[in-house]
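Q: Read top to bottom, the protein sequences are chains A and B.
Note that this note's numbering has the first sequence beginning at 1, numbered continuously upward.
Note that this note's numbering has the second sequence beginning at 1, numbered continuously upward.
These are calculated hints, taken from the structure and not from any lab test.
Treat the hints with care, as some may be off.
Said to hold, decoys possible - List time: in silico EDC-like cross-link candidates among lysine to aspartate or glutamate, alpha-carbon distance up to 20 Å: (1) B:306 with B:328; (2) A:17 with A:59; (3) B:52 with A:96; (4) B:50 with A:136; (5) B:541 with B:696; (6) B:50 with A:96; (7) B:536 with B:610.
Unchecked claim - If you only want the chain A side, here are some residues facing chain B, beta carbon under 10 Å, derived: (8) 124; (9) 154; (10) 158.
Every value quoted in this text rests on a predicted model; they were computed, and no experiment measured them.
Each residue gets a CB set at the ideal place from its N, CA and C atoms; glycine is no exception.
Here are the chains, one letter per residue:
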Amino acid sequence: MIRLMGITKYYANAFIKTFVLRNIDLSVKEGEFLTIMGPSGAGKSTLLYILGMLDEASEGEYFFCGQAVHGLSEKKRTQLHQQNIGFVFQSYHLIDELTVCENLETPLLYKKVKPDERKSLVADALDRFRIVAKKDLFPSQLSGGQQQLVAVARALIIQPKLILADEPTGNLNSQQGEEIMELFRKLNAEGTTIIQVTHSEKNAAYSDRVIHLLDGWMNNKEEAAIPVKNPEAGKRKKNHSEGT
Amino acid sequence: MMNRKTADHANDRTGPRSLGSRLASLGRRGYWQMLMLKNTLGITLRSLMKNKGIFLIKVFGLAAGIACSMVVILYVVNELTYDTYHPDHERIFRIACRRVHDGGDFPNASTQGPLAAVIREELSQAENVARMIPPLENAKHVLVVQGERRFFEKRVWFADPDIFNILSIPFVEGNAGAALARPKTVVISESTARKYFAGLPPLGRRLTIELDYDTGAAVIEDFEVTGVVRDAPANTHLKYDMLLSMATLLAYVPTLNQDWGEYHPKYTYVKLRRHVAPSAFTEQLRPYSERIRQAFARRAGSAMYKLDFSLQPLASLHMGSNLPDEIEPPGNILYVYIYSFAALLILLIGASNFVNLSATLSTTRSREVGIRKTLGGSRGDLVWQFLGESLVITLFAFLAAFAFLSLLLRFFNRMAGTAIDFQALGQPLVLAMLLALFLLLGISAGLYPALVLSRFQPVSVLKNQVFPGMHGHAAQRLLILGQFAIAIFLVVCTLVVFRQLTFIKGKALGFDREQKLILEIKSNQGYFRRNYEAIKSDFLKAPGISAATVSSTVPGETFSGGYSLQKGSSFSILNSKRLKIITVDHDFIPTYGIRMTAGRAFQRASGNDEQSAYIVNEAGARELGLTPERALGTQWTAHYHRKTKTIVGVTADFHFLGMKNEAEPLILDIEKSLLRVMTLSLDARRVSQALAAVKETWRRHFPGVPFEYSFLDEAFGRVYQYEERMGRLLGLVSGLGIAIAFLGLYGMIAFTMRMRRKEIGIRRVLGATSAAIALLLTRQFVTLVFLAGFLAVPMAWMATTLWLQGFAYRIQPGFPVFAFAFLATFAIAMAAVLLQALRSARDNPVDALRSE
Ligand SMILES: Nc1ncnc2c1ncn2[C@@H]1O[C@H](COP(=O)(O)OP(=O)(O)OP(=O)(O)O)[C@@H](O)[C@H]1O
Ligand SMILES: [Mg+2]
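Isolated chain A (complex conformation) (with noise of 0.2 Å):
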């Protein structure tokens, strides 16, 4: 499904070029559940922002779906991204002036989804996430774990091919973060592509396979080392530290 070759991301001023991503290649199979590893700074985000098609990478070829991503126009991965990708945040990223509901209707419109449909869709992803009763509420009015819950809800909400999770549970606590995962998994299991960054072994736990970046670079080797699948792997206890 993914598919990325040599995939370098830099920033050059005047007289410098910072590298982020170096000459990263990798490929994500569809139903994949992918996990990004690495210390703080190492270009996990910014990785995960290039293959959501929110920035683009300085060298390199990122293949969609077999669609070339590095050659299409603005306009066209707009598209792309708008019919596949679900993002979900370590800060969740709702809109604070719309409530619940609007927050969740808000993709299908960019999508431009028939209202009727819009609203069985909505519907849906309310009952589904048990939030019926939050629907006219705003984002300051919730907890940040229901936050959370709203902001995948939102992301699944298009029913994406793939969602692309930046340390979702980053600001949670670790039964509130649980929640989220199982979702995870189980949305996995139903077929969605999922990858996700996060600083947790727990986490990364519930994924098939994990990747690691240091300093731009990543490292290929420890793939095979990681348990696939594996719960027990999430309960020791964490061990990763922030700051660089």
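Assemble chain B with the ligands onto chain A, guided by the hints.
A: Below, chain B with the ligands without anything else, positioned relative to chain A:
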């Protein structure tokens, strides 16, 4: 997804799309925009509520600007569309004439009575011709009585029935063809019908009208109402309330259609046939004018060199014609310009305030932009969202402006003496202008967020790499600069106008205008002229009346009558000099406190001043080519009455029309025939008692004539009415302008402070003093307002200098005026800045940091 992709490719391949599919896609786009609008409107409203203050400032400023410009649009449309509502107005003309003879060059808005008859009978190029003739003697004050109701009417005309075939005067009742056929019939306007008949059917009822046919005696007659027409609109030079049949006049003045020498004004309107060039028609008139010239010369016993008729296009009369005997004071294009300019300035302030605050507020929206983009919103979607929002807010401002409008229009009408109503708003041109204004404002206010914000890369927004208020700063500073420059400009102009007015009002006029009661004799003038000495002495018996005089005019009235004077005892129009005439009685000079420079005032004791004495003012003496001393004793013969009299005195110059112009050359003469006003000097302590007694005396001498009076200083105040109106308008506009600029600056600073609250908190923690922070926050704005001053002052200097050129006596707007205007504006701006700076400097820094 694949389907979509192929569809797009198909589109690309077909090359330029057909119009149909373009329209369809535009339609589809519109449909989705409508759906989006619900979503984004929610945001718009809620983010407005979060910044209520700024929103209100924004909308208020713009609404004030729009309302001002709507009023001015209405005013300008009214001024510029005069008489364009008549069908075929391009073919309708008023005929003006110009006579050149020994006495001078006399253009006039009116023509001789027989001209219309000649055109009707002999010139086939005219489709219709008709005259409008004001009642001969008492044109401005026709007494009309109906039962208990008695009023003076001003807009009364004798009209040829064909006028209904030339001008658009729609009948509500009665029939245009027959209404004015018989003598003693009258067609009245709807409001006149209501005034006299209060709802009763007016047709066939009678009105008693008192007319003076130049015979010296008023004739009172019953007229039958044969028609009711719509009220004359505000934008016609020929306003009417009553149209009397020409047949009535013809019965009293049988020579009307033959006498070329009769001098009362008669306005002739002609409608040419299609495809007849006005010049061709004037050419046809030439032989007639030659005939008339000779006839006139014979009759008047003097040579007439030239007589010209010219056609004045109907729609050009208001702005383009300023001849003697105009029906209405002509429009002044200068005021159209000044008012338009003032409205434009206030609109500019309001709009730049609006755009500026919109840009400022929109910086809070960058996060939303980022999120929307990750949710699949394209740049186009966001551009539309922000433009749509901006248009919605602009719509609010327009609605608020409409609410403002009725208030403002009433104020404007009162101030400018106009009767403009909303009707003109419905005109397609005005609607188009408003729509254009709406789109222009809505789009320019939405442009910054639409173009700048929508370009944000979601990544940088989500990574918090966009700092609110970073972008557009230069443009915003420019807008604030502009606002304050305009505000300072307006303040300077207002100050100069008011200082100039105070200056000319404070200058000695050369006569005494306190405590004078003015009684105008509008009816029974013949009786008054024959018996004025007796009438005066009756009024003098009233308590509190200390002096009385009669004259042809009083201060504050424009008048145009003049004497052509010839030195010596015989009159030949060759080498005559022309002075404006005020006819007076013996008591005029002392009653008005006019000073004598040489010689003496009129005296009863000297025996025969009525027959033998003139008095001129200094300007008059100069005009005659003499110093005051040498003028004394010189003899002059006036063309008007062919009497030879001696100049016995020269007065100091006095300014009956205020200090706008130099004193006019005048001659005073005791001559009954033009007398029409009485001036009574009042004792200030007994005004009401005196008034009651004066009214009693009036009743005795003028039974049945309504008692109307005015105080001289009030009437005289109207001399400066144009300037005062403009002063008041400028005052309003600059007040509004400053208010908007102040509020805008205040709002923007308040907002910036809120955004920088944390930074300020940190600075405080790091040891910055309140003063240092206030300085940090204000420095930028201080510089801006200074710059604005430097821009505005020279422009204001040029504009006011230009305006002051129109005055004979004027101030020199100097450093103090400019400095004051500048400092006042500066102080107001500083107040906005300092209020905020102090508040935030006083904040406990810890609160600011904790709140994040
Ligand atoms: N606009 C930019 N200009 C220069 N460098 C940038 C820019 N944006 C990001 N970077 C750098 O790119 C690197 C990778 O950033 P990224 O956000 O991808 O890290 P991350 O792995 O997600 O870290 P974290 O775990 O803290 O979220 C960082 O070192 C950052 O400083
Ligand atoms: Mg990150």
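Q: It remains to establish, for every hint, whether it holds in the given structure.
A: Going down the list of hints, with the structure as the test:
Among the hinted pairs, residue 306 of chain B with residue 328 of chain B is inconsistent with the structure: their alpha-carbon atoms are about 27 Å apart, more than 20 Å. A threshold of 20 Å between alpha carbons decides the hint, and for residue 17 of chain A with residue 59 of chain A the separation of about 13 Å falls inside it, so the pair holds. Restraint check for residue 52 of chain B and residue 96 of chain A: satisfied, since their Cα atoms lie roughly 17 Å apart, inside the 20 Å limit. Restraint check for residue 50 of chain B and residue 136 of chain A: the C-alpha separation of about 18 Å stays at or below 20 Å, so the hint holds.
In summary, the hint linking residue 541 of chain B to residue 696 of chain B is supported, as the alpha carbons are separated by about 11 Å, within the 20 Å threshold. A threshold of 20 Å between alpha carbons decides the hint, and for residue 50 of chain B with residue 96 of chain A the separation of about 11 Å falls inside it, so the pair holds. Between the alpha carbons of residue 536 of chain B and residue 610 of chain B the distance comes to roughly 17 Å, so the proposed pair stays at or under 20 Å and holds. The interface hint given for residue 124 of chain A is violated, since its Cβ lies 18 Å from the closest Cβ of chain B, which is over the 10 Å cut-off.
The interface hint given for residue 154 of chain A holds, since its Cβ lies 7 Å from the closest Cβ of chain B, which is under the 10 Å cut-off. At about 7 Å, the closest approach between the beta carbon of residue 158 of chain A and any beta carbon in chain B falls short of 10 Å, and the interface hint on this residue holds.
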